[in-house]
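Novice: These protein sequences, in sequence, are chains B and E.
Residue numbers for the first sequence follow my numbering, so the first one is 264 and each next one is one higher.
Residue numbers for the second sequence follow my numbering, so the first one is 224 and each next one is one higher.
These are calculated hints, taken from the structure and not from any lab test.
All C-beta atoms in this analysis are idealised placements derived from N, C-alpha and C, irrespective of residue type, glycine included.
Fair warning: there could be bad hints in the mix.
[Said to hold, decoys possible] Each computed DSSO-like pair below joins lysine-lysine, with the alpha-carbon atoms no more than 27 Å apart:
no. : chain 1 : residue 1 : chain 2 : residue 2
1   : B       : 524       : B       : 498
2   : B       : 412       : E       : 304
3   : B       : 450       : B       : 412
4   : B       : 450       : B       : 387
5   : B       : 387       : E       : 304
6   : B       : 498       : B       : 460
[As the list claims (entries may be wrong)] Quick look at which bits of chain E chain B covers, simulated, 3 or more residues with Cβ under 8 Å:
no. : stretch
7   : 723 to 729
8   : 739 to 752
[Said to hold, decoys possible] Across the chosen pairs, the derived CB separations fall in these ranges:
no. : chain 1 : residue 1 : chain 2 : residue 2 : range
9   : B       : 394       : E       : 615       : 38 to 46 Å
10  : E       : 729       : B       : 347       : 33 to 41 Å
11  : B       : 608       : E       : 433       : 26 to 34 Å
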Amino acid sequence: MTTNPSNIAMQNTSGAYLQVSGLIKHFGRDRAVDNVSFAIPRGHFLTLLGPSGCGKTTTLMSIAGLHRIDAGAISLGGMVYTAPAQGVFMPPEKRDIGMVFQSYAIWPHMTVAQNVAYPLEIRKIPRSEIDDRVAGVLRLVGLADMAGKLATNLSGGQQQRAALARAIVSHPRLLLFDEPLSNLDLKLREQMRVELKRIQHEVGITSVYVTHDQSEALVMSDDIVVMSKGRIEQKGGPREIYTQPANSYVSNFIGVVNLLKGRVVEANGAGSGRIEISQDGMCVQLPCQVSRGIAAGAEAMLSVRPENVQATRENGGAGCLEGEVMQSIFLGNCIDCRVRWGSFEWKILAHPRTRLRKGERVFLRLDPAHTLAVVP
Amino acid sequence: MSTHSVSEPVVTAPATGRWRGLLTQESIATIMVSVIVAAAVLLPLFALIVSSFQVIDPSGFGATWGLDNYRTLYTDRIIPKAFVNTLVISSGTTVLATTLGVSLAWINARTNCPGRDRLEAWNLTPFFLSPFVGAIAWHDLASPKIGLLNAWARDHLGVQSYLFNVDNIWGVIWVTAIFFTPLVYLFVIGSLRRMDPSLEDSARTTGAGLLRTTLTVTLPLVAPGILSGAIIVFVTSAGEFGVPFKLSAPYGWETLTTQIFSKAVGDDANYNLGATMSMALGAITVMLIWVQQRYIAPRSFTTVTGKGFRPNVLNLGRWRWLAFGYNIAFIMVAVVLPILCLFVVSLHPVWQGRIIWGDMSFHNYARTLVFWRPDHIAAATNGIYNSFILAFLGASLAMVLSLVVSHMIHRTKGFGARLLDVLCVVPIGFPGIVLAMGVVITYIRTPIYATLWILLLGYITRFFPYGQRNIASVMMAISEELDQSSRMAGASWFTTMRRITIPLLKPGIFAGWILLFVIFLRELSISIMLYTSGTETLSVGVYYLTNFESEPLTCALSMAQTATLIVCFLVFRRVAGREALTA
Chain B
264 MTTNPSNIAM QNTSGAYLQV SGLIKHFGRD RAVDNVSFAI PRGHFLTLLG PSGCGKTTTL
324 MSIAGLHRID AGAISLGGMV YTAPAQGVFM PPEKRDIGMV FQSYAIWPHM TVAQNVAYPL
384 EIRKIPRSEI DDRVAGVLRL VGLADMAGKL ATNLSGGQQQ RAALARAIVS HPRLLLFDEP
444 LSNLDLKLRE QMRVELKRIQ HEVGITSVYV THDQSEALVM SDDIVVMSKG RIEQKGGPRE
504 IYTQPANSYV SNFIGVVNLL KGRVVEANGA GSGRIEISQD GMCVQLPCQV SRGIAAGAEA
564 MLSVRPENVQ ATRENGGAGC LEGEVMQSIF LGNCIDCRVR WGSFEWKILA HPRTRLRKGE
624 RVFLRLDPAH TLAVVP
Chain E
224 MSTHSVSEPV VTAPATGRWR GLLTQESIAT IMVSVIVAAA VLLPLFALIV SSFQVIDPSG
284 FGATWGLDNY RTLYTDRIIP KAFVNTLVIS SGTTVLATTL GVSLAWINAR TNCPGRDRLE
344 AWNLTPFFLS PFVGAIAWHD LASPKIGLLN AWARDHLGVQ SYLFNVDNIW GVIWVTAIFF
404 TPLVYLFVIG SLRRMDPSLE DSARTTGAGL LRTTLTVTLP LVAPGILSGA IIVFVTSAGE
464 FGVPFKLSAP YGWETLTTQI FSKAVGDDAN YNLGATMSMA LGAITVMLIW VQQRYIAPRS
524 FTTVTGKGFR PNVLNLGRWR WLAFGYNIAF IMVAVVLPIL CLFVVSLHPV WQGRIIWGDM
584 SFHNYARTLV FWRPDHIAAA TNGIYNSFIL AFLGASLAMV LSLVVSHMIH RTKGFGARLL
644 DVLCVVPIGF PGIVLAMGVV ITYIRTPIYA TLWILLLGYI TRFFPYGQRN IASVMMAISE
704 ELDQSSRMAG ASWFTTMRRI TIPLLKPGIF AGWILLFVIF LRELSISIML YTSGTETLSV
764 GVYYLTNFES EPLTCALSMA QTATLIVCFL VFRRVAGREA LTA
């Protein structure tokens, strides 16, 4: 790829293909997207993750050109798509982007093959080549025998595949997904997750995916951008987002977590330290990992995943919390357990062989390597 | 990947300039249509306002600014009475049409009245016919001297003078009400049919009886529909020209519309006074329509949710035959009797209230329809020709306009969209004669005056919102993503319209087109103000015949118009389906 330096003053970070910087978009007085910036290397799969109304879809629509942004800039492979400050706006049809919509948006007055051929017809590609490419892409998504069917006769999952075929058939520069799996039932959703990822990997198109489903994001993405109220909370790989959440919002949104208010009493430069928790008159100090930017003496949130808490009958000494088992549900591969400590209820995932009875006194030991003090 | 183009297209940002990006196909079409709509709607309105404040001096040459025209509204000998008559007619019509419409809708939607499927089409037929022709038919049925029913009563019941008399404002109320009953019917039947039956069932399970459920659940849910229908009927009948012109004005009961007409074309023509009366009438109707559109219509959608419910049906037992008889009686007086009467009268050389079998012939049809015969009547044959041109062109142009306007209101959602939304409500509130008064004043000194174009302009301005609503109702049911995905596939705005939007909207576009075709084919109150010799329309032809020729000739042309409209109605039902009609 030959990256052409744009004449717009915008730093092209090395390796960045899609670049979104300082995006701001208002709806009326509401600021739907507030200073959002991120970049993706070529071929990567990035997920914008957040609850409804967090601005993720607006960001996606802005990349597509279906929304006009108020400030910021969007460029792809060195080509500036939108930069209101310079008066640049490229209409959506010129951007060469494929998009899969939440409702799939399969045109009901055309057959599956006609739907998929449409982007190629617009690009004035010869009929014979269109037929070949449509057949090829329908085979790729597993709809080869559905080509002649009217779109209205397809099931949800099949419409989904047709929409994907239509989005990738013209080999666009970028692929956008707007919550494409949210209308499918659970089983199909899990199957399509893997399928989507396989196809994206096979065609190798750089993709931006929007979802509110954190497990979808963890399974599919190379990079995740967690958003809330129009702002970015954290950017990073799935593992980083899960194990090192930047703040309590992210740790709470991604997966299940125990969150307790506390104060960092000790922080060495290497990232470890101690946090003090005061709860119902009890006061304990626990060794933990301290997120960057939290100094000793600062308010912080203690964040521990249920699988990093161990419940034992023996008192392990200092740093152990004594509580009472409130609930213990056998789930097969693990035990979902609730332990009351003062007025706080710990969520614990225990090994299936552990036997914990309701009402029993137990001691909780937190793994210091996975006990985090994060920004509240 | 290998198939991907090896070299990225080398594109730098487009030439700078803030405005380049704004000049897209979409924005150009949008701006053009906004300007056209704004000019078409606002110019006549502006002209009315300005000229209502201009007072002609006694010499008749100069004009000064002042409020004298408004003073005349209540000092004049006739106008205050006309005002009262209009109010009486509108109120009476509203009460009668609402009663008929609600009861018929309820019988058809919620009872086991026999033959409901067949009755519906008949109940809706008057919606497609001309009230003016209805007035002519009822005049021939029930005027004291020549009324068929009165003659029959004299012969067979021994009645001395007459049984019925429709040549007064009560006759106007009667005819207007039976023609506007379908309006209320349409507003109500949708809510009755689509009402979630569990709403009523849950009331019954709490122990409420049938009557109590109807009063506390069903009726409040339908109330916005009834109110909407009632307001529309009030406004439409206040602006109705043909019926009072035929039935009451000749016998001393003037209305605002007949007065405006006489100020525009009569011997005492005074455009400024006509404009002032138009302002008074228009102010009332626009205000009512505004209330209906903004506050009442939106509610009728929120209360009745969902789709495809099978509503509760009430078993009327033996009483169902009474309901059936009631519905048949309505169809008789609204459709069958008037059309039969038109046909019978149209076959006679002269009409004096008696059927004379030996005199019957189709001679009247020959004189009004066959334009190559030497004894044809030009006003009638011209009218047929012109009306078909106007209806075809007008419906087509109005639908193009409606398409772009709907797209802007429901897809673009910018500042212009809200403005257009308002502009689309204004013409619905303007009675045709009021708008036509404005059009006359605006364009009288331009070359389009006294051509078919001014009629076309008036028609489209007044009625395109009806087409727009037909499209909008389909557009709101179609996901915006269907359009967006075409843009993302690389198609321009125009290509998207041509290949995706318009094909998807086809049913709505066609239904709207036929509806406008029908409206234009029977249009009277705009035409009567704007026609000149040579640009008569079908209804103007009927007007000419009833004024200057004989009753049988009038009936012949009316019959031809009615037959055409019925054909349109049948086509409409076939293409658009049963539920497509939206009032």
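Novice: None of the hints should be skipped; say for each whether it holds.
Specialist: Checked hints:
{"no.": "1", "hint": "524(B) with 498(B)", "verdict": "holds (24 Å)"}
{"no.": "2", "hint": "412(B) with 304(E)", "verdict": "violated (67 Å)"}
{"no.": "3", "hint": "450(B) with 412(B)", "verdict": "holds (25 Å)"}
{"no.": "4", "hint": "450(B) with 387(B)", "verdict": "violated (39 Å)"}
{"no.": "5", "hint": "387(B) with 304(E)", "verdict": "violated (70 Å)"}
{"no.": "6", "hint": "498(B) with 460(B)", "verdict": "holds (20 Å)"}
{"no.": "7", "hint": "723 to 729", "verdict": "holds (count 3)"}
{"no.": "8", "hint": "739 to 752", "verdict": "violated (count 0)"}
{"no.": "9", "hint": "394(B) with 615(E): 38 to 46 Å", "verdict": "holds (41 Å)"}
{"no.": "10", "hint": "729(E) with 347(B): 33 to 41 Å", "verdict": "holds (37 Å)"}
{"no.": "11", "hint": "608(B) with 433(E): 26 to 34 Å", "verdict": "violated (52 Å)"}
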